[in-house]
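*Asks:* Chains as they are written, first to last, in my numbering: chain Y, 1 to 325; chain C, 1001 to 1252.
Hints were generated in silico from the structure; no laboratory data involved. Some hints could be false.
Now the stretches of chain Y that chain C is said to cover, found in silico as 3 or more residues with beta-carbon under 8 Å [as the list claims (entries may be wrong)]:
#1 217-225
#2 261-268
One-sided and incomplete, this derived list gives chain C residues near chain Y with beta-carbon spacing under 10 Å [as the list claims (entries may be wrong)]:
#3 S1045
#4 A1048
#5 R1049
#6 L1073
#7 A1074
#8 R1081
#9 A1087
#10 L1090
#11 R1091
#12 G1097
#13 P1102
#14 G1106
#15 M1148
List time: in silico DMTMM-like cross-link candidates among lysine to aspartate or glutamate, alpha-carbon distance up to 25 Å [claimed, not checked]:
#16 C:K1075 x Y:D206
#17 C:K1187 x C:E1111
#18 C:K1187 x C:D1061
#19 C:K1075 x C:D1155
#20 C:K1245 x C:D1183
#21 C:K1187 x Y:D216
#22 C:K1075 x Y:D216
#23 C:K1026 x C:D1183
#24 C:K1026 x C:D1155
What you are looking at is a predicted structure, and each value in this text was computed from that prediction instead of being measured. Don't be surprised by glycine CBs; every beta carbon is placed ideally from N, CA and C.
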Amino acid sequence: MTIISVDTPTRRRLVAGLGLAILFLASLSVGVGEFSLARVVNDPEALQLLLISRLPRTLAAVLAGAGLAIAGLIMQTLAQNRFVEPSTAGTAQSAELGILLATLLLPAASLPIKTLVASGAAMAGTSVFLMTAHRLPPTQPFLVPLFGIVYGGVIGAAATFAAWHADLLQFLSVWTNGDFSGVLRGRYELLWFAALTVAIAWLVADRLTIMALGRDASIGLGINHARMMQLGLVVVSVISALTVVVVGMIPFVGLVVPNIVSRLMGDNLRGTIVCVAASGSGLVLGCDIIGRIIRFPYEIPVGTVMGVVGGLVFLWLLFRRPDHA
Amino acid sequence: MIRIENVSLRYRTTPILHDIDLTIPKGGVTALIGPNGAGKSSLLSLIARLQPLQTGSITIDGLGVDSTPSPELAKVVALLRQDSVIASRLRVRELVGFGRFPHGRGRLTQEDCNIVNQSLRQLDLTDFADRFMETLSGGQRQRALVAMTLAQGTDYILLDEPLNNLDMYYARTLMQALRAIADENGKTVVIVLHDINQASAYADRIVAMKGGRVVGDGTPAAIFTPDVLEGIFGFRMRVETFDGKPLVLHHL
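Make the full structure from the sequences, and use the hints.
*Replies:* Spelled out as structure tokens, the structure:
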């Protein structure tokens, strides 16, 4: 089953694109408000609902999903380990700590400024993770994600402690558990920067593929290894911080999506990076729709749904290929 | 020409290389031999700028390895390291294609594709070209890595124990292919070999290292004598002459 006929990737891309389009329309149609897509044309109220709530929410899910999947992919490339992603390696927790400190120390700052602080914190936290990951013995690939989980837990605990002291615990849960229910027009637009970072990743896809071959191969082929590490670090940190600040962290997207795409299509990122982004969008959108439907008219946050779905898929990945890291 | 002057290297307090002075002329096959831990791999990784020079200088065709931009050097020198592991799920053709990255920064032209196909043919990999690396045997994987290194199309090709994992047939095929690209395309091949009879049969020149120093430098006939070999490897071995080339009976 390893030899794949030439037209299969194209067919997979078509299926993925079609699936994403269906989820997109479904997301526009599902909600508490009285609404159907057919009425948009001659009902100004329905149009308002679409433009102010449904469309922003759907776009936010698409952008966050694509961004997180790409962030996971890049993080796995930088750490040379398939089992890390921003939410399990201290990046998201550092961003949470950053936005918490920004809220405490610069309460008057605008959201973009606070996001910038969160990005800076995420970068610092991820740098420490990567430096440590590269020192761990490569013969023990599971040490890296294990270290990441402990490290993220420690930073998360620091954030919880600070939030508890400042009586901001309920704010913290807004950042730690992703939820699209608060997304309205005017409150998600920062996420478009995630689209920009996805475009950057696409532009440097070949370089990322070579980076995954290791430091020696990268330098041998004339790639500025240190600069690519920095670029990847910035992309991962900015995407994570944007997601944390705007909708809250969504776990597992960055872990399961790149792994599944790698299994199906391989690791030549020039050909797969668009699929990674689209699958991330589809997964987050799908989980958000599930969260809106199963307790209708109440909602379950997407972070919770993803925790269940992503955890199951992650376990499946672990059991499917125990000898590949 | 690779010119190495006064190069020393130490990791923390452990000295690895002592004042290496060595000139490797352009063209031909040079074999680096010596016991484990002699510093052969370290010397190659310094030539290929994989680690920074601590003292001395190394130039390749006049280009300083620490001062020339890395993308430019990637068109001049290619190194296959010992025990390279490919964790990515890439097809053989894709991997070999990345050898062309220094030339088109990722865009493969028709000429690039021809070179990739030629490298695949040289290593007898055409039938495996669309297989994922992880589905190949160790020897096939090693050949794919050599093909990638050759596809880089550099004038200087450094290979660190490329015969690892290869059976007799492919070890011989690879040595013949390296001899051919040196003779027909004027490439300079520097190769670390543990099989000194391969070195005797295919190399123009032998550089022997021991304890971080160059302890021998000359033709196979000059280096492969019982006395010199005992100095390098620490035991006496019989040397015969076969077809005009030294044949070392090191296993007896």
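*Asks:* May I ask which of the numbered hints given earlier this structure violates, with the numbers listed in increasing order?
*Replies:* none
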